[in-house]
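**Student:** The primary structure of each chain is shown beneath.
Number of protein chains: 2
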Amino acid sequence: MHFLVTGGAGFIGSNMTDRLLSLGHKVTVYDGFITGHREYLKEASKNPAFNLIEARLEDEDVLGEAMKGVDFVFHFAANADVRRGLEHPLKDLEQNTINTARVLEAMRKNGVKRIGFSSTGSVYGEAEVIPTPEDAPFPVQTSLYAASKVAGEGLIQAYCEGYDFQGYIFRFVSILGERYPHGHVYDFYKKLKEDPTSLYILGDGHQKKSYLYVGDCLDAILTVIDSCTDKVNIFNLGTDEYCEVNDSVGWITKRMGVTPTLSYSGGSRGWIGDNPFIYLDTEKVRALGWKPKYTIEQAVIKTVEYIMENEWLIE
Amino acid sequence: MHFLVTGGAGFIGSNMTDRLLSLGHKVTVYDGFITGHREYLKEASKNPAFNLIEARLEDEDVLGEAMKGVDFVFHFAANADVRRGLEHPLKDLEQNTINTARVLEAMRKNGVKRIGFSSTGSVYGEAEVIPTPEDAPFPVQTSLYAASKVAGEGLIQAYCEGYDFQGYIFRFVSILGERYPHGHVYDFYKKLKEDPTSLYILGDGHQKKSYLYVGDCLDAILTVIDSCTDKVNIFNLGTDEYCEVNDSVGWITKRMGVTPTLSYSGGSRGWIGDNPFIYLDTEKVRALGWKPKYTIEQAVIKTVEYIMENEWLIE
Chain A
1 MHFLVTGGAG
11 FIGSNMTDRL
21 LSLGHKVTVY
31 DGFITGHREY
41 LKEASKNPAF
51 NLIEARLEDE
61 DVLGEAMKGV
71 DFVFHFAANA
81 DVRRGLEHPL
91 KDLEQNTINT
101 ARVLEAMRKN
111 GVKRIGFSST
121 GSVYGEAEVI
131 PTPEDAPFPV
141 QTSLYAASKV
151 AGEGLIQAYC
161 EGYDFQGYIF
171 RFVSILGERY
181 PHGHVYDFYK
191 KLKEDPTSLY
201 ILGDGHQKKS
211 YLYVGDCLDA
221 ILTVIDSCTD
231 KVNIFNLGTD
241 EYCEVNDSVG
251 WITKRMGVTP
261 TLSYSGGSRG
271 WIGDNPFIYL
281 DTEKVRALGW
291 KPKYTIEQAV
301 IKTVEYIMEN
311 EWLIE
Chain B
1 MHFLVTGGAG
11 FIGSNMTDRL
21 LSLGHKVTVY
31 DGFITGHREY
41 LKEASKNPAF
51 NLIEARLEDE
61 DVLGEAMKGV
71 DFVFHFAANA
81 DVRRGLEHPL
91 KDLEQNTINT
101 ARVLEAMRKN
111 GVKRIGFSST
121 GSVYGEAEVI
131 PTPEDAPFPV
141 QTSLYAASKV
151 AGEGLIQAYC
161 EGYDFQGYIF
171 RFVSILGERY
181 PHGHVYDFYK
191 KLKEDPTSLY
201 ILGDGHQKKS
211 YLYVGDCLDA
221 ILTVIDSCTD
231 KVNIFNLGTD
241 EYCEVNDSVG
251 WITKRMGVTP
261 TLSYSGGSRG
271 WIGDNPFIYL
281 DTEKVRALGW
291 KPKYTIEQAV
301 IKTVEYIMEN
311 EWLIE
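Each protein sequence line maps, in turn, to chains A and B. For the record, in the first sequence the residue sitting at position 55 is 55 according to the working numbering, with numbers rising by one throughout. For the record, in the second sequence the residue sitting at position 230 is 230 according to the working numbering, with numbers rising by one throughout.
Incorrect hints may have been included.
One copy or two, it doesn't matter: identical chains are merged, so the pair holds either way.
Said to hold, decoys possible - Straight-line Cα separation of at most 30 Å, BS3-like style, residue types lysine-lysine; simulated pairs:
{"#": "1", "residue 1": "K68", "residue 2": "K113"}
{"#": "2", "residue 1": "K113", "residue 2": "K191"}
{"#": "3", "residue 1": "K208", "residue 2": "K231"}
{"#": "4", "residue 1": "K42", "residue 2": "K284"}
{"#": "5", "residue 1": "K91", "residue 2": "K109"}
{"#": "6", "residue 1": "K113", "residue 2": "K91"}
{"#": "7", "residue 1": "K91", "residue 2": "K68"}
{"#": "8", "residue 1": "K191", "residue 2": "K302"}
{"#": "9", "residue 1": "K208", "residue 2": "K42"}
{"#": "10", "residue 1": "K91", "residue 2": "K254"}
{"#": "11", "residue 1": "K68", "residue 2": "K26"}
{"#": "12", "residue 1": "K302", "residue 2": "K254"}
{"#": "13", "residue 1": "K293", "residue 2": "K26"}
{"#": "14", "residue 1": "K191", "residue 2": "K284"}
{"#": "15", "residue 1": "K91", "residue 2": "K191"}
{"#": "16", "residue 1": "K91", "residue 2": "K284"}
Quick caveat, the hints were computed from the structure, so don't treat them as lab data. Being a predicted model, the structure only gives us computed values, none of them experimental.
Generate the whole structure from the sequences, applying the supplied hints.
**Tutor:** Shown next, in the form of structure tokens:
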């Protein structure tokens with residue numbers, strides 16, 4: 001199969017690219033290198049089945065050309081900076097919602113009809129049902145990021161109904177592992193490198209979060225795509241557990257060998273729109289035979305070790 | 001209070017404008033007259049508390065200026081042509097989702113924080129629960145129109161959480177009554193004027209639909225805004241009944257005094273993305289003391305009578 005991976009120089013996209021190449025597929029990475037890293041494609045670029053198109057999704061002509069001969073699109077390109085959404089209120093709309101529409105249009109015009117989409121567990125807002133299943137009560141959005149992803153989901157679903165597309169929508173918890181580029185492990189690691197004696201934590205440290213190791217995430221995505229033939233396929237991806245921010249801090253500091261004094265901003269939320277408890281029901285994907293190989297603790301430690309070996313990432 | 005009504009020269013917007021003026025409010029209508037009608041504002045324009053800004057939502061400077069001194073925005077401007085969404089796949093995104101973002105940004109920049117939004121019962125897709133309550137299972141979108149409205153809802157919700165807005169989201173069934181500009185009553189009336197002897201109906205005639213009279217719709221909206229003080233307030237608006245397309249055809253033909261031979265395209269849907277059964281649970285708004293004054297049959301007949309008196313609409 002010939003896959004096109006938008007955001008293929010990013011965290012999940014580059015890991016998926018390597019995986020698809022290892023499975024013998026042809027992969028075209030489409031990336032504008034706004035947040036992507038060339039280093040992530042170093043191995044892939046040695047493979048003759050790999051092709052890189054360096055362009056933005058806004059370059060609709062290039063995007064259309066890129067679709068020719070493609071069988072399946074993984075649309076991973078996105079603004080993933082959930083926390084700072086309020087500082088630039090239109091960025092999520094432009095980079096997530098509108099660019100998803102651009103990808104769908106480029107596909108439609110070129111007869112490409114299968115798409116995998118990285119949505120987010122944040123679309124459940126402050127869920128009333130925990131663990132939260134895919135058919136939880138119609139949620140209220142609490143961040144511009146999640147709102148932009150709900151909008152992307154809706155567009156894909158409408159293309160499935162209207163233009164005979166097949167859509168695979170994955171609502172992720174936060175993903176950890178190799179090439180992890182930002183988020184709490186990154187932030188804490190960076191702060192502790194600068195000052196290993198103290199660590200300031202947003203919120204009260206009791207926010208409950210769920211994480212998934214990137215390799216397990218890829219396994220789940222490929223299991224779903226191999227197994228499911230519905231028009232619209234929606235799956236939560238996560239582990240069957242959660243941790244508190246304090247747990248994660250403990251694992252990170254232990255692995256780094258530091259013993260900082262902890263202080264807290266206080267309150268149940270790290271920032272406006274932060275969700276104090278994300279925990280997804282993953283029964284649906286587990287019923288396909290998938291289960292994660294790594295616990296949250298292992299995923300956090302693997303991430304710390306990856307950053308240790310790639311400190312250029314925090315510079 | 002000073003209200004700004006986007007789409008104020010449209011069906012629901014102009015009716016709301018007249019209502020707000022009659023209640024003694026100041027009203028600024030903001031309309032680009034793409035689908036709006038000047039005739040709808042004839043009465044309003046005689047009122048000194050009425051002000052018209054003829055501009056498009058894309059004119060962000062004008063929109064920002066228009067927000068100055070406004071207390072509450074009714075954002076009714078939208079592409080409401082549900083059926084032809086597939087012919088112009090980006091129109092709903094541009095006119096509904098992106099323009100909602102423009103309205104929200106203009107409000108934020110000018111300190112206006114209260115918004116009422118016309119969403120749609122179509123956001124429930126092919127609902128699993130009928131009658132469908134506001135907290136129905138997280139739906140799958142089946143039209144670009146509904147997808148664009150879900151996206152607008154999400155944006156408003158995120159602004160409520162992030163920028164301390166207060167949002168009133170109304171998920172309408174189809175609205176009927178004076179100034180009704182398009183939809184099945186309009187289409188059937190027009191066809192029967194051209195040829196009263198036969199009528200071709202999309203679908204099998206058994207699609208179940210729910211309608212609400214525009215006056216009842218306004219009553220409900222104003223009841224909600226007067227009664228509800230939550231950050232995000234979401235209400236279904238509809239009658240406690242539904243009809244089949246065939247019922248509606250019967251009422252229309254009877255009122256017009258014609259007896260056409262009926263023929264059908266067949267199938268359970270009138271078009272791709274058409275929902276064969278829309279029926280909303282309106283318990284939540286009824287609990288506030290509101291109830292509709294007119295049945296679906298009465299609303300259909302009032303609409304036919306309005307078109308009879310305003311045949312310029314179908315020309």
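**Student:** Work down the list of hints and note, for each, if the structure agrees.
**Tutor:** Taking the hints in turn, this is what the structure says about them:
no.	hint	verdict
1	K68 to K113	within (12 Å within a copy, 46 Å between copies)
2	K113 to K191	neither (44 Å within a copy, 37 Å between copies)
3	K208 to K231	between (33 Å within a copy, 24 Å between copies)
4	K42 to K284	neither (35 Å within a copy, 57 Å between copies)
5	K91 to K109	both (26 Å within a copy, 16 Å between copies)
6	K113 to K91	both (27 Å within a copy, 21 Å between copies)
7	K91 to K68	both (29 Å within a copy, 25 Å between copies)
8	K191 to K302	within (18 Å within a copy, 68 Å between copies)
9	K208 to K42	neither (36 Å within a copy, 57 Å between copies)
10	K91 to K254	neither (37 Å within a copy, 54 Å between copies)
11	K68 to K26	within (13 Å within a copy, 55 Å between copies)
12	K302 to K254	within (13 Å within a copy, 74 Å between copies)
13	K293 to K26	within (27 Å within a copy, 63 Å between copies)
14	K191 to K284	neither (38 Å within a copy, 49 Å between copies)
15	K91 to K191	within (27 Å within a copy, 46 Å between copies)
16	K91 to K284	neither (32 Å within a copy, 35 Å between copies)
Checked against the numbered hints above, the structure breaks hints 2, 4, 9, 10, 14 and 16 and satisfies the rest.
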